[in-house]
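My request is simple: use the sequences and hints to build the entire structure.
The listed protein sequences derive, respectively, from chains C and R. Using my numbering, read the first sequence as starting at 6 and increasing by one per residue. Using my numbering, read the second sequence as starting at 2 and increasing by one per residue.
Incorrect hints may have been included.
Computed cross-link-like contacts, DSS-like style, restricted to lysine-lysine with a CA-CA straight-line distance of at most 27 Å [stated by the list, open to error]:
(1) C/71 with C/19
(2) C/304 with R/271
(3) C/153 with C/71
(4) C/129 with C/19
(5) R/205 with C/292
(6) C/54 with C/120
(7) C/54 with C/151
(8) C/403 with R/320
(9) C/193 with C/151
(10) R/205 with R/271
(11) C/120 with C/230
(12) R/114 with R/172
(13) C/245 with C/230
(14) C/292 with R/172
(15) C/285 with R/172
Think of the hints as simulated: they come from the structure by calculation, not from any bench.
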Amino acid sequence: MDFNDTPEETKFRKEASDWLSTNATLRDDEEAFKYAGIGEDDALTSAKKWAAKLYDSGWACLHWPKEYGGRGSTPIERVIWGQEASKYRIPGGFFEIGQGMAGPVLMMYANEEQKKRYLPPMAKGEEVWCQLFSEPGAGSDLAGLKTKSVLEGDTWTINGQKIWTSGAHYSDYGILVTRSDSSAQKHKGLTYFFLDMKSPGVEVRPIKQISGGANFNEVYFTDVKIPDEQRLGSVGDGWKVALTTLMNERLAVGDASGPDFQEAFNLACSHDLNGDLAIKDGSVRDKLADWYCQSSGLKYTKYRNISALSRGETPGPQASITKIVSGNKLQEIANFGMDIMDAAGIVRPESADAEQTMYQMGFFGAAGIRIAGGTDEILRNIISEQVLGLPQDMRADKGIPFNEIPSSNKK
Amino acid sequence: MNFEFSSDQMLLRDQARKFLENEESVKKAREVLEGDQTHDESLWRSVVEMGWTATTIPEEFDGLGLGYLELCVIAEELGRSLAPTPFSSSVYLATEALINQGSKEQHQKYLPKLAAGEIVGTLAHTETTNSPSPENLNCELSNNKLNGIKIAVTDGDVANFAVVSAKEGDKVVLGLVDLASKGVEITSQNTLDPSRSHASIKFKDADAEILGSSQDGWVALQEILDHAAVLFAFEQLGGAEACMDMAKEYAMGRFAFGRPIASFQAIKHKIADMYIAVELARSNCYFGAWALSTNAPELATAAATARVSASKAFHECSKENIQTHGGMGFTWEFDCHLYYRRCRQLAANIGSQAVWKNKLISSLERANQI
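Put into structure tokens, the structure is as follows:
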């Protein structure tokens, strides 16, 4: 056990830190989580500019093979890069689905020509990808999806509707799961594709969220054509491909972003409560200690998972705990932050980088993160079934054709 | 960077686990709980023969001179198996206090015998139901004579000597006292966890020598407790994981409504939450182990984090293990209560959860220079 760098790691860290210091702006703790008040278009432009810079200097998608635009780095080098990069103001939030989920699936299932065509622009941030999985009637029960795909000659025709598709409105490509055979059993009649989001018949409608923003969408498919060569995996094997994607999603989903222990601690050190600094209050200290233990526990759990990866073990569902713990912690910290600011905590400030903003954003953001990418409840099922080996719940949809399974509209 | 124990250390953990299973350590814990013994002497002798009491003692004092990481994996297994021995008092507290705070002469005098298991030591700190502080300590040490009363001293009726916190004028000092000497009166105390023995100790003009130089005994004591906190956290981690495993095994075998209760989400999610608590505690314990083994500047923070996290995990797991077992979990016959009891004992022995949470935030305040 050694939490210090080896000589090679020291060298890599210095290289990373040298590059970052000449190419990015350091952030101090005070502004760590202040949200720059820029619109989505500007944020996307600056994220793309940053991604291109990374790519041109060989720092994009560290763990990908060089031929696809990566650096061929070890898992530990990824951790080191992450540690160094976290000291800087890094624009982001647009490429996680592509680089974290679509990329690994293309690497496993696409042909060589496709990999050469799509992976480098993905790494460079030139082309943005989205994930078209959930449907109005298929969220936690994803395999219940109904978007229909029919093959005629070499071309598939897609009809149906997806929902909760983050970034569909600015994405160039998407990964898509469809039902190609509704008379087969639920998990056996699915087929997986990637498609151009500009294809005729694709219609993206933004959904207004509780925060007031609209980062996700409904996506309608009306006679959308997809060439058969854009199928990933065999016909009817879509569930297997989707599981690969979801496994990578769990690795790609990091901590819930927003105020964490350090921000709550700084807030308590600078605000009055009951006539003294809040940090002097026993109940405040009690909560802060819990959050510190959770943050620290998650940090070193992630490092342990990376150590397991470097020993050659495959990424397991263990990573599911990160999202459960950090989503709930964020919700508590957001509430705490506003509570410390008393009645003023709920006032929407004039300036987007005022102290209230990050807690108010966390207040809404946490409610979303606990649902997105697997609800807290589904993740607990995954932990208990896939990590601990407990049996599945009794199911009413096993072993019968999909079109005979009871659903909300058909009982 | 590597965040896992080495293969040698993992091998040691496996050997320790098998050894304690063969020794039927949990069964022996129950026997001690139900009987009159203070501990299981045969298990204690076997543990000594394994050389575990000598783990971190330097070779010049007949120890093995191994690192703390080895001691951590042993502690995890002792916790998992509820080992009813004075190991933790003698090794995590007394031996650590001597190695880190003792003088050359004290090293000579105590360490070889501690390594060989010929003597047992403990720490006597608690005096009343008030959490101890430099202000409320009542024991007095002056001219090498100790007066006062300590209570809830783990292994107080087994140990040959104790490290005792006391006041010398306004100063806190740590005294070393031979418990067989004149003026020492030991009375066994019944506690919630009789699988570990406890005693009150009355000192009346008892001979005591100062531990090391003890410039500031309170600071020295905090250092001793930080070391012990990491090691106790590994015991708590082992206990917590044992409870999770028990709950899982029972839920798989117990049928209700025509199926294993482990297939109900109410139970699965409960066990998933145990897993989350155990994993967070494990990761924090590993960082604590590293900080201890390298004497890192983060040790105070890392020790408190490991302690708070492991206390919480053991609490969660030991109570929800009973809940998963239903009525069976509430019977004397099942082992659930042995863990529930040990959890409470370990959560209190070197300071309560509230004390350690406060220490954690205080150490972070120092780190943030406030």
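Taking the hints in turn, this is what the structure says about them:
For the given pair, residue 71 of chain C sits about 21 Å from residue 19 of chain C by alpha-carbon distance, which is consistent with the 27 Å threshold. At most 27 Å may separate the alpha-carbon atoms for a hinted pair to count; residue 304 of chain C and residue 271 of chain R meet this at roughly 23 Å. For the hint pairing residue 153 of chain C with residue 71 of chain C, the CA-to-CA distance comes to about 37 Å; that exceeds 27 Å, so the pair is violated. Only pairs whose Cα atoms come within 27 Å are accepted, and residue 129 of chain C paired with residue 19 of chain C is accepted, the gap being roughly 23 Å.
As the CA atoms of residue 205 of chain R and residue 292 of chain C are separated by approximately 43 Å, the hinted pair breaks the 27 Å bound. The straight-line distance between the Cα atoms of residue 54 of chain C and residue 120 of chain C is roughly 23 Å, inside the 27 Å bound, and the hint therefore holds. Between the alpha carbons of residue 54 of chain C and residue 151 of chain C the distance comes to roughly 38 Å, so the proposed pair goes past 27 Å and is violated. Simply put, residue 403 of chain C and residue 320 of chain R have alpha-carbon atoms about 35 Å apart, too far for the 27 Å limit, and the pair is violated.
A hinted pair counts as satisfied when its Cα atoms are at most 27 Å apart, and residue 193 of chain C with residue 151 of chain C qualifies at roughly 13 Å. A distance of roughly 51 Å separates the Cα atoms of residue 205 of chain R and residue 271 of chain R; the hinted pair therefore is violated under the 27 Å criterion. This hinted pair checks out: residue 120 of chain C and residue 230 of chain C have alpha carbons roughly 21 Å apart, not beyond 27 Å. Taking the CA atoms of residue 114 of chain R and residue 172 of chain R, the gap is about 30 Å. The hint is violated against a cut of 27 Å.
Our distance criterion of 27 Å between C-alpha atoms is met by residue 245 of chain C and residue 230 of chain C, whose separation comes to about 23 Å. At roughly 33 Å between alpha-carbon atoms, residue 292 of chain C and residue 172 of chain R are farther apart than 27 Å, so this suggested pair is violated. Restraint check for residue 285 of chain C and residue 172 of chain R: satisfied, since their Cα atoms lie roughly 26 Å apart, inside the 27 Å limit.
Consistency note: the structure conflicts with the earlier hints numbered 3, 5, 7, 8, 10, 12, 14.
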